[in-house]
Structures are given as structure tokens and as C-alpha cells.
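Same order as they appear, the protein sequences are chains A and B.
Count along the first sequence starting at 1, add 95, and that's the number in my numbering.
Count along the second sequence starting at 1, add 95, and that's the number in my numbering.
I should point out that these hints are in silico values taken from the structure, not numbers from a laboratory.
Hints should not be assumed to be uniformly reliable.
[As the list claims (entries may be wrong)] Only pairs whose alpha carbons sit at most 20 Å apart, straight line, appear in this in silico DMTMM-like list of lysine to aspartate or glutamate:
1) B:K225 with B:E199
2) B:K155 with A:E137
3) B:K116 with A:E139
4) A:K116 with B:E142
5) B:K189 with A:D165
In this text, all values refer to a predicted model and were calculated from it rather than measured experimentally.
Protein chains: 2
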Amino acid sequence: MIFVANSTALPLVLLAEQFAKLPGIGMKTAQRLAYFVMSMSEGEAQEFAQAIINAHSTVKECSVCCNLTDGGVCPVCSDDLRDRTVICVVESPKDITAFERTNEYKGVYHVLHGLISPLDGITPEQVRIKELLERIRTGNVNEVIMATNPTVEGEATAMYVSKLLKPLGVKVTRLAFGLPIGGTLEFADEVTLFKALENRNEI
Amino acid sequence: MIFVANSTALPLVLLAEQFAKLPGIGMKTAQRLAYFVMSMSEGEAQEFAQAIINAHSTVKECSVCCNLTDGGVCPVCSDDLRDRTVICVVESPKDITAFERTNEYKGVYHVLHGLISPLDGITPEQVRIKELLERIRTGNVNEVIMATNPTVEGEATAMYVSKLLKPLGVKVTRLAFGLPIGGTLEFADEVTLFKALENRNEI
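Chain A extracted, bound-state conformation:
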């Protein structure tokens, strides 16, 4: 119980506890959100609850790339104009949204749904690496772009996957790391600056 329950109605306490389970939502915010739900109309509250149920029951993984979709195959995989010879490997469906926003990438994706992290008990079998290898064995793939985050787990996963892919005769690349556009040297951390220096290009 996160509040003084004796002055707060129990269903409100339970609702606040549900909100508090969400990432980045603390106890005070959860309480505020619960009171906000009370200020909604009956119809709005029903709509909110239904959206949770709907999303959960109709959205499944794409049978090709493991992205989340409400059809059998996601819109990217079923788009005939996408280049199926290039696969961009990402950690989660959120990352696909970020790439699509650039409007530049024309290949397809593969979602791992996690990163290898022995400390958190996440082994290579728990992420969708098997499915990726299967796609490369059966399809005509020229290049796999490892687009996991530049963190310890992201780097380790990229290295692990690339070692499995190279024997299959596919080109494996990694996203470039360097200064972010619009950033300043003054505020760049040491590792970013080192990477920017190491990967410098002739102009």
C-alpha cells in the first residue's frame, strides 16, 4: 500500500499501484494519475482500459522480423519497395520507429527483443538470434547492420551476433559512433570524443 489507505478508497490505491509499476512513474505521480482517471468520464475510462486489452491481445510479433504488428507480417516486411538484401538489427520495436523517422533507410529490420546480458540472466537463447540466422540462411541477404545501442550489452550483442554471421558469408556492419549533430565539443564525453577522433574521415 503506497498511501495512507484509511483515508483513500481501496480501488484508487490499487489503481495507483498499477500506475506505479510503469517505468519512470513514482508513487506520487501514480497517485496523481489515479486521481486523474477519476476525473475522466465513464466512456473515457472504458476507452483507456480497452486500449490496454486491445493492444495486448491483437499485437503480436511479425513472423519475418519479430517487430510488433497487428497483422501476421509487419508493414515494413510486407512493403515490396523495401530492399530485402539489407537487414538492420535492433534491440526493440521503438528503435524501428526512430529509424523510420529518418526517412532514409530503405532496407528491412530484425528485432532482437533484448540484448545479451549475462549479469541480468539474459542468454543468447532468450533474444531472437536464432530467427535472424534462419532468415540469412534462407534469404538472399548481402548486409546486416548491427544497430544495437552503444552500451556494454549493445556492444557485446553486436560482437556475438557478428561472429555467428560471418561464417555465413554475409557482410556485417556497425553504426558509426561520433559527435552528435548539433552537439558541441565542450559537452562531449571522453569516449564519444575518442570515437569521433578514431573514426575521422577525410574531407
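With chain A held as given, fit chain B onto it using these hints.
Chain B only, in chain A's frame:
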């Protein structure tokens, strides 16, 4: 539509839009929360949706003080040990939780469910002032503590309500304003410091 919908499943977009309606939740956070719901088990998602419906359908206003409760009369109003001659008037049920946390206040409450704010179109008829006057006319009340926030609307509401209450022969008081405990003079704003000086007490 807040995302690039063509790469995101529609039920997920709709769920994110529901989260984005909540106070303090922006578009990016709403998207993150929607993806988090997808990572819940089917049972957890059902429980979350049910908590919204339950809170909305079972929690109503207390027939005495207008606090939110799942019974007819709230736990404070039905507690025989509370002093019914003192009524603390607050803006919202959240404020009762704050007072109860002090473990010092032994009187009862009255929730206005809003503050008078002509600019936002909230007139005295839209907050629970009528119900408060009725309580004072019919009950044996000695003191009404105006505990609205120290904002323009809070002050105006306190003034308005006190003018209506005084002819009924009841003592009307206002919370003390001054330096918060644990704060420092250096960071106190001018108005708070002025109030602290004005309301100084002999030691």
C-alpha cells in the same frame, strides 16, 4: 497519430495516445509506456485495465464530505473518534491524504473538488460550496479551516467561502503561511519571506 504509424501497430498507437492524455506524460513517455504494457503478461494487462474500470465504477463521493470513497460514507466521516466540530476545507481528495500523513489533525474534512476560477470558467456553483453551507447549517460546527493552496484561486476561494460562512456564526481560519521547515532563507521567495515576517510569533 503521434508516431510514424506505418511502422507501428495501430493498437499500440491508440494505447500510446491514451497514455499521452494523462497529466505530465508527453509523447515519448507515452510510447515507452505502451511498449512496456506489451512486455506485461496477459494477466497483468487485464489486471491493469480492470483497475481503471473498478476505480471508476466503484469510487464515488462521500455523502457527507465529498471525499472519494468506495462506501457511501468515507472512512474519516464514519470514524467516531474524529471531532465533527472542526471542518478542514480542501481543494481535492489528494490534500486529505497529505493532512492524514501528519497524524495530527483529528477533525473532519470537506472537499470542494476545484477552486473558483472565473478565468477558467469555474463558478462558485461548480465547486461543493453549497454542500459545505448545508453541513454547517445542520451540524454543530465550531470552526472551519480554509486549507486551499496559497495560489490566486486558492486565496480567492478561501475569501469567498469565509464571507458566506461568517454570517452563520462559525469561526473561519486559514492555514499559516511562512518558511517551510528544512528550507533556508536564501532560497525563500519574496512573498513567502514577507508572509513569514508579517506572521512572526513571540518566542
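How the hints compare with the structure:
1. At most 20 Å may separate the alpha-carbon atoms for a hinted pair to count; B:K225 and B:E199 exceed this at roughly 28 Å.
2. Taken as a hint, the B:K155 and A:E137 pair is honoured in the structure, with Cα atoms around 12 Å apart against an allowance of 20 Å.
3. A distance of roughly 10 Å separates the Cα atoms of B:K116 and A:E139; the hinted pair therefore holds under the 20 Å criterion.
4. Distance restraint check for A:K116 and B:E142: the Cα-Cα separation of roughly 12 Å lies within the 20 Å cut-off, and the hinted pair is therefore satisfied.
5. This hinted pair does not check out: B:K189 and A:D165 have alpha carbons roughly 39 Å apart, beyond 20 Å.
Going down the numbered hints, you'll see the structure goes against 1 and 5, while the others check out.
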